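Chemist: Spelled out, the chains give:
Number of protein chains: 2
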Amino acid sequence: MAAAEGQWVLMATGRSPTNIAVIKYWGKRDEALILPVNDSISVTLDPDHLSATTTVAVSPSFPSDRMWLNGKEISLSGGRFQSCLREIRKRARDFEDEKKGINIKREDWEKLHVHIASYNNFPTAAGLASSAAGLACFVFTLGKIMNVKEDYGELSSIARQGSGSACRSIYGGFVKWCMGKKDDGSDSIAVQLADETHWNDLVIIIAVVSSKQKETSSTSGMRDSVETSPLLQYRAQTVVPSRVLKMEEAIKNHDFESFAKLTCADSNQFHAVCLDTSPPIFYMNDTSHRYVLAVHWLGILIISLVEKWNHSEGTPQVAYTFDAGPNAVLIAQNRKTAALLLRKLLYYFPPEDKDLSSYLVGDKSILGDAGLHSIKDVEALPAPPEMKIPDQKFMGDVSYFICIRLGAGPKVVADESQALIDAVTGLPKGL
Amino acid sequence: MAAAEGQWVLMATGRSPTNIAVIKYWGKRDEALILPVNDSISVTLDPDHLSATTTVAVSPSFPSDRMWLNGKEISLSGGRFQSCLREIRKRARDFEDEKKGINIKREDWEKLHVHIASYNNFPTAAGLASSAAGLACFVFTLGKIMNVKEDYGELSSIARQGSGSACRSIYGGFVKWCMGKKDDGSDSIAVQLADETHWNDLVIIIAVVSSKQKETSSTSGMRDSVETSPLLQYRAQTVVPSRVLKMEEAIKNHDFESFAKLTCADSNQFHAVCLDTSPPIFYMNDTSHRYVLAVHWLGILIISLVEKWNHSEGTPQVAYTFDAGPNAVLIAQNRKTAALLLRKLLYYFPPEDKDLSSYLVGDKSILGDAGLHSIKDVEALPAPPEMKIPDQKFMGDVSYFICIRLGAGPKVVADESQALIDAVTGLPKGL
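Line by line, the protein sequences are chains D and C. Number 431 marks the last residue of the first sequence (full-length UniProt numbering); no jumps. Number 431 marks the last residue of the second sequence (full-length UniProt numbering); no jumps.
In case anyone wonders, no lab produced these hints; they're calculated from the structure. All of these numbers come straight from a predicted model, not from anything done at the bench. Cβ atoms here follow ideal geometry from the backbone N, Cα and C, with glycine treated the same way. It is possible that some hints are incorrect.
Claimed, not checked - Derived Cβ-Cβ restraints for the label pairs, each shown as a range: (1) C:Q237 / D:R223: 43 to 51 Å; (2) C:V412 / D:T315: 51 to 59 Å; (3) D:E150 / C:E386: 45 to 53 Å; (4) C:H198 / D:S258: 33 to 41 Å; (5) C:N334 / D:E31: 37 to 45 Å; (6) C:D30 / D:E150: 56 to 64 Å; (7) C:K388 / D:T219: 16 to 24 Å; (8) D:D187 / C:K181: 22 to 30 Å; (9) D:E31 / C:E386: 25 to 33 Å; (10) D:N200 / C:Q237: 39 to 47 Å.
Whole structure, please, built from the sequences with the hints as guidance.
Modeler: Right under this line is the structure:
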């Protein structure tokens, strides 16, 4: 039902980034509140290339809360959305817009319904933490429209209840999710370790394996690990606390060697815990033989390539990290290293069609730095000398690459023309 | 140099089995003495199908110690062979054979040289613990000829110094290698938990991936894990001790459910520790793309198949375990289950050529139990119903299957015609 004629529609639009953990979150100590078994640390990715945009509209004419994701209506009845909505409504404040003649008292928010439209500027199914960006944006934008004054730490704690890692998307740069100790989860919040300008040499290249696959929920996998992996508790209680301290130091000191070693080791340990789970967690369910092999081969090849390259240089050039999804995330020390890395990656994973510029999204200028101006340059790439395996190529295993920098946290989109909801109808534009 | 005319050649021949760990050995606390970081438990495999046979010859005419493996002379100068030779010579006793007119005093053994010929009745390179069988046989047969009277525990401790897991091949049935506490390693010995008749329902099926690959030494991998994996110490100190107790109980009580769960969990945890190693340990070096994929796919498919089958039956039917080599070892509760398992395995991994009987070695009668009398029966096999992945087949990924039972420990081969060395020349037969 659209807004009734003559009634106001109040709107706010926000944009939130996605993030990639360098010290991994795996395992909850409380499923309902989403409280983790260990701290985690992430880098926030540039929202220009990977982000969620969300418009929240409020109108006395809306009979119920509704939500649309990428243009399709989805149910808001899930516990996670409801937790975030409830927690933001609890903190809502008086709001007045004299020009529009809108005056909402704190207690009115309980009765007012919202329409929420959200959109990811990257494929939802690509396994790029779309739920982290989406839930952070949901909470951030709801908070803006409801005039919530709580600090970002408290917002992060609410986003956490929507999707654990969403709490880290509340800030830009380097972010730590402190597991907290309290049973009510109020101290399980994210804090910013450093903003995106602190260490702006880093360049991230993501190999997206396939956008055809559903982003599998990590909830059941985490639960299985907590219940069956003897190594998980040791990791959470003993290994991660010391790694978090070292990672904080590495970030503070721009110490890429430590940063890379910790990132790679923690990615591998996270997958070790998945393997130590009973039954072991693989990328196996309902996928094709070709896909399973492509994912494993990509992982093995990229890990081997990075380890051998780092070893041959004597000091780490690149860090790799793999989430529960299939994509490889590579963090290069600087732009020059990223360009060299791209040459090695494109040697093994050339594009299936000849259009190089659609094969690398994000900061396409890295192609020029890598000396790759056309597909001919890719075809002429030499085999990475540090690799001793046969120099076979794997066309089609990678859907596309993303080149991206660290980025800022959530922002209000002030330009009202960017809103995803029509200010008159109160429904998503284009519906 | 052959035995000089008129001089005697004394010979002994022994045969030793190979073994498969169900609680894994991974990591040494002392590299020189080969002292492990945790206890391990293995099953000994039937030597009729997998074993090493070794003939040791002694003659005053031999100017030096020499050894031949599968007909090719190899160097005996390595520290491991030398340790075993030294330890056995130390314990040598007076020997007399009136008929042959041979009289060797304890102190003479130091001056007498040996010729050793060893032969595996399976491909050395197949990753089937040939070094465990070989070193156990080396020590056992040397001990026999030198009239060593020490008990099997002490023999196992000597075999351990040749190849860690060789100490477990000194017994049949179920064997535990106690890590020991002493710095000199004298209490790091194997003990028999139960002989091969104790639980004789078990049937083992091994999928041999390829016999073209070299058996890679696990020494450097273990060292890397000990030095870099934070999870290894926790596994060794906390997880394994409790698993060993539970495994001993399971074996004692013929409790297949516990046996299978512990076996699978420990195989997966061993591989988790390999992944937690920096750089992570994969089957990657100097192998082809096809081989790497075949090994990973075999592992993923077989683990998934067994986990899903066990889950669908409500109670474990089969346990899987993977060593550092590429082969899959499957332990079935009984012959009926093994036959069902074989049908599932042959559905996915049919033989490349049409000769079924050379595709299954060992106890070929299992083919009849599985209703597989010809290649047509294999081609007509239905897809395993518990698997939801596409029912693709992977011809050529498995070289052959072995069907085998538990077996006895080392034995003297009394039939002198079976000796590998010519009693006149003192050199390997056929040389």
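Chemist: All hints are to be evaluated individually against the structure, with a verdict given for each.
Modeler: Each hint, compared with the structure:
1. C:Q237 / D:R223: 43 to 51 Å: violated, 27 Å
2. C:V412 / D:T315: 51 to 59 Å: holds, 58 Å
3. D:E150 / C:E386: 45 to 53 Å: Holds, at about 50 Å.
4. C:H198 / D:S258: 33 to 41 Å: 53 Å Cβ-Cβ, so the 33 to 41 Å window is violated.
5. C:N334 / D:E31: 37 to 45 Å: Taking Cβ atoms as reference, N334 of chain C and E31 of chain D lie about 40 Å apart, which means the hint holds.
6. C:D30 / D:E150: 56 to 64 Å: About 58 Å separates the Cβ atoms of D30 of chain C and E150 of chain D, which means 56 to 64 Å holds.
7. C:K388 / D:T219: 16 to 24 Å: holds, 20 Å
8. D:D187 / C:K181: 22 to 30 Å: With a Cβ separation near 44 Å, D187 of chain D and K181 of chain C fall outside 22 to 30 Å, so the hint is violated.
9. D:E31 / C:E386: 25 to 33 Å: At roughly 28 Å between Cβ atoms, E386 of chain C and E31 of chain D fall inside 25 to 33 Å, so the hint holds.
10. D:N200 / C:Q237: 39 to 47 Å: Since the Cβ atoms of N200 of chain D and Q237 of chain C sit about 43 Å apart, the hinted range of 39 to 47 Å holds.
Taken one by one, the earlier hints fail for this structure at numbers 1, 4 and 8, listed in ascending order.
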